[in-house]
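Peer 1: Okay, here's what each chain looks like letter by letter:
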Amino acid sequence: MLLAISLVGCGDRRAGSRSMDALRGALPETVGGWSKDGPAQLYDQDSIYSYIDGHAEVYLAYGMRRCLAQRYGGTAEGPGIVVDIFELATPADAYGVFTHDQEGEPTAIGNDALLRHGWLSLWKGPYFVSVYAEGEADGARAALLELGTVVAAAIPEAGERPGLLADLPSGGLVPRSVRYLHDQQTLNTELFLSEDNVLLLSPETTAVVARYKRENGSGYLLLVDYPDVQRRQRAEEEFAGRMLGGRSDGPVDLGDGGWYAVAGSGGRLAVVLDADSSELAASLLEEASPGGDHDET
Amino acid sequence: MMKPERGVSRRDLIRGGAGVAMARVLGLSTGVGEAADGPRSRVVLVRDLDALDDTGVADPGVVHDMLNRAVAALFDEEKAAAAWRRIVGPGDVVGVKSNHWRRLRTPEALEEAIRAEVTAAGVRDADVSVDDRGVRSNPVFARATALINVRPMRTHDWSGLGTCLKNMIMFTPRPPEYHGDTCASLGAIWKLPQVAGKVRLNILVMLTPQFHGVGPHSFSPDFVWPYRGLVVGVDPVAVDATGARIIQARRDLHFGGPSPIRPDPHHILYADTRYGIGVSDPARIEVVRVGASEGSLI
Chain V
1 MLLAISLVGC GDRRAGSRSM DALRGALPET VGGWSKDGPA QLYDQDSIYS YIDGHAEVYL
61 AYGMRRCLAQ RYGGTAEGPG IVVDIFELAT PADAYGVFTH DQEGEPTAIG NDALLRHGWL
121 SLWKGPYFVS VYAEGEADGA RAALLELGTV VAAAIPEAGE RPGLLADLPS GGLVPRSVRY
181 LHDQQTLNTE LFLSEDNVLL LSPETTAVVA RYKRENGSGY LLLVDYPDVQ RRQRAEEEFA
241 GRMLGGRSDG PVDLGDGGWY AVAGSGGRLA VVLDADSSEL AASLLEEASP GGDHDET
Chain Y
1001 MMKPERGVSR RDLIRGGAGV AMARVLGLST GVGEAADGPR SRVVLVRDLD ALDDTGVADP
1061 GVVHDMLNRA VAALFDEEKA AAAWRRIVGP GDVVGVKSNH WRRLRTPEAL EEAIRAEVTA
1121 AGVRDADVSV DDRGVRSNPV FARATALINV RPMRTHDWSG LGTCLKNMIM FTPRPPEYHG
1181 DTCASLGAIW KLPQVAGKVR LNILVMLTPQ FHGVGPHSFS PDFVWPYRGL VVGVDPVAVD
1241 ATGARIIQAR RDLHFGGPSP IRPDPHHILY ADTRYGIGVS DPARIEVVRV GASEGSLI
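Quick mapping for you: the protein sequence lines, in order, are chains V and Y.
Following our numbering, the numbering of the first sequence begins with 1 at its first residue and continues without gaps.
Following our numbering, the numbering of the second sequence begins with 1001 at its first residue and continues without gaps.
No wet-lab data here; the hints were simulated from the structure.
As the structure is a prediction and not an experimental result, all values here were calculated from the model.
Any given hint could be a false lead.
Unchecked claim - Just so you have them, the derived chain Y footprint on chain V, three or more residues with Cβ under 8 angstroms:
no. : segment
1   : 41 to 54
2   : 106 to 120
3   : 160 to 167
Said to hold, decoys possible - Simulated DEER-style distance windows between Cβ atoms:
no. : chain 1 : residue 1 : chain 2 : residue 2 : range
4   : V       : Leu60     : Y       : Arg1124   : 51 to 57 angstroms
5   : V       : Asp21     : Y       : Glu1286   : 55 to 61 angstroms
6   : V       : Glu204    : Y       : Ala1126   : 53 to 59 angstroms
7   : V       : His117    : Y       : Asp1076   : 43 to 49 angstroms
Said to hold, decoys possible - Short derived list, chain Y residues pointing at chain V, Cβ under 10 angstroms:
no. : residue
8   : Gly1027
9   : Gly1038
10  : Arg1042
11  : Arg1103
12  : Ala1121
13  : Gly1134
14  : Asn1138
15  : Ala1142
16  : Gly1162
17  : Thr1172
18  : Pro1176
19  : Gln1194
20  : Val1214
21  : Pro1263
22  : His1266
23  : Val1288
Glycine residues also receive a C-beta, built at the ideal position from the N, C-alpha and C atoms.
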């Protein structure tokens, strides 16, 4: 059994290496006025810190396996362009990394892509791709788009968005406010909840958080899927006990107009955070329950 | 990331009080009376509108003068030389812990200014070294009796801000061990024997600080601005808290409304409340202003 598992693990690693080799091979020698500046570098879960320091935690939180980095040099004094291809644990995780920063102009590359001044981000399959210009330069925008397009074309499978997205109510959902995550620290970077892991989030849990704006106010809805009913129940009790004074029978006012609510069913927990009104909290919770108003995001 | 909104008073209750304190660190109003009791600290904010040339590069002469004016004001000395002699002297071995992050490093002109003043105060040239990632294998640092801590202020994807407190992380063999809870335990590094009691001066470089990050390299020249300042102090917590207020103010101005630093740079607060390293509450930090006041933001 151990030998079989070991062989399967080796198979996954070999497949991953082949994919990275293919992506490395797909990178053009030149693009616009830029040319490859040395060979591409490959980083793993340990060596990634030497490349992007503490920023690595963002990618490691989504099960980052490898990062392929290629720098392109421009003119002697001009800024370069850096392509970083992160291989995450799953396509859903690649989507999760993508949702970490959703500013910019949508662009039709990969599954989703955003272009801002000097930076293109996209995801496809289990890969999150960043193409970053180190400074202002004529032709940089076109070069970013060309590199992103080439890399996306070299990723064979599109992959799927997290299934949880379909369970988010559609009414009042603020565009590009959705984030997919696994852990408390990532949630805290978006919406600070607590210094402690009051929802018992872990690499085995999957969650989406989104912001809503309706006539009766604004607030956040968090949906979490736990591996089993027991863990969901423990999390529900923990959250209600630590945050809501033990109450889980409806929206609770935490003061200064902030309404919170929690409800669980099966392995799913729905949590409303920072709602402006009890009506909003109640309606979001009801709509998030099975059979409520959902939409693909 | 989502455009953040202010909601500090709700989170105060969630955090059990830490939210109130962190909001105060960043200069956000909570309606709660400021605490004026307890230890106090002093920092100097020095600014000079001639600190940068037209290309944004630090002017060596101006920056050296800024440093000396700040140090003199910090120690209430008329002459900078006298102030430096209170920081280091003959017999000291001085490690200057700088920051060489390639996208926004400590200006070499400032490093040279520090070295010049340290040797002028009587430290032998062979007993001074400037380093960043090599401090653990640097022989001068290994026998250092004094450290001078200098680094540019910038936002950081995981700790919220890259601060003087965080700058000491290279003294640890495994920095990722301090990444938990978005770097809450950075203050613990200041208790390590290679750091504890040795830092004589902290210089938070705010010549061109970064107030927002994008992408895996967390840098965009669009979010760097010419503040032309240095925040200088003996207390790293007070220095960082003051710098954090400036960054927060710049973000609110740029984004047209409340735009909290994310993640929360709570390592500054905890360096005060959990590790007792310094003062984070602006109500107990005296900010001595030297030089230009235009655009100071705080």
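Peer 1: Each hint: holds or not?
Peer 2: These are the hints, each one checked on the structure:
Only when three residues or more bring their CB closer than 8 angstroms to a CB of chain Y does the claim for the segment 41 to 54 of chain V stand; here the count is 4, and the claim holds. Counting residues of the segment 106 to 120 of chain V whose beta carbon lies closer than 8 angstroms to any beta carbon of chain Y gives 4, which meets the minimum of three for the stated coverage. Residues of the segment 160 to 167 of chain V lying with their CB closer than 8 angstroms to a CB of chain Y number 0, which falls below the three-residue condition for coverage. The beta-carbon spacing between V/Leu60 and Y/Arg1124, approximately 44 angstroms, falls outside the hinted interval of 51 to 57 angstroms.
Checked against the hint of 55 to 61 angstroms, the pair V/Asp21 and Y/Glu1286 passes, with Cβ atoms roughly 59 angstroms apart. Take V/Glu204 and Y/Ala1126: their Cβ atoms lie about 56 angstroms apart, and the range 53 to 59 angstroms holds. Hint check: V/His117 to Y/Asp1076, Cβ distance near 46 angstroms, so the stated range 43 to 49 angstroms holds. Below 10 angstroms, beta-carbon pairs count as interface contacts, and Y/Gly1027 has none with chain V, the closest being about 17 angstroms; its hint is therefore violated.
For Y/Gly1038, the shortest C-beta to C-beta distance to chain V is roughly 22 angstroms, which exceeds 10 angstroms, and the interface hint is violated. Checking Y/Arg1042 against chain V by beta carbon gives a least distance of about 30 angstroms; that is not within 10 angstroms, so the hint is violated. Below 10 angstroms, beta-carbon pairs count as interface contacts, and Y/Arg1103 has one with chain V at about 8 angstroms; its hint therefore holds. Of the supplied interface hints, the one on Y/Ala1121 is violated, with its beta-carbon coming no nearer than about 33 angstroms to a beta-carbon of chain V, more than 10 angstroms.
This hint is violated: Y/Gly1134 has a C-beta 13 angstroms from the nearest C-beta of chain V, more than the 10 angstroms allowed. For Y/Asn1138, the shortest C-beta to C-beta distance to chain V is roughly 18 angstroms, which exceeds 10 angstroms, and the interface hint is violated. The criterion of a C-beta within 10 angstroms of any C-beta in chain V is not met by Y/Ala1142, whose closest approach is roughly 22 angstroms, and the hint is violated. The beta carbon of Y/Gly1162 is positioned within 10 angstroms of a beta carbon in chain V (closest approach about 9 angstroms), and the interface hint is therefore held.
The criterion of a C-beta within 10 angstroms of any C-beta in chain V is not met by Y/Thr1172, whose closest approach is roughly 12 angstroms, and the hint is violated. Checking Y/Pro1176 against chain V: minimum C-beta separation of about 6 angstroms stays under 10 angstroms; hint holds. A distance limit of 10 angstroms between C-beta atoms decides the matter here; for Y/Gln1194 the minimum to chain V is near 20 angstroms, and the interface restraint is violated. With a least beta-carbon distance of about 5 angstroms to chain V, the hint placing Y/Val1214 at the interface is held under the 10 angstroms criterion.
A hinted interface residue such as Y/Pro1263 counts as satisfied when its beta carbon comes closer than 10 angstroms to some beta carbon of chain V; here the least separation is about 4 angstroms, so the hint holds. Given the 10 angstroms rule on beta carbons, the hint for Y/His1266 holds: about 8 angstroms separates it from the nearest Cβ of chain V. Against a cut-off of 10 angstroms between C-beta atoms, the interface hint on Y/Val1288 is violated, since the closest Cβ of chain V lies about 32 angstroms away.
In the structure shown, a violation is registered for the earlier hints numbered 3, 4, 8, 9, 10, 12, 13, 14, 15, 17, 19, 23, in ascending order.
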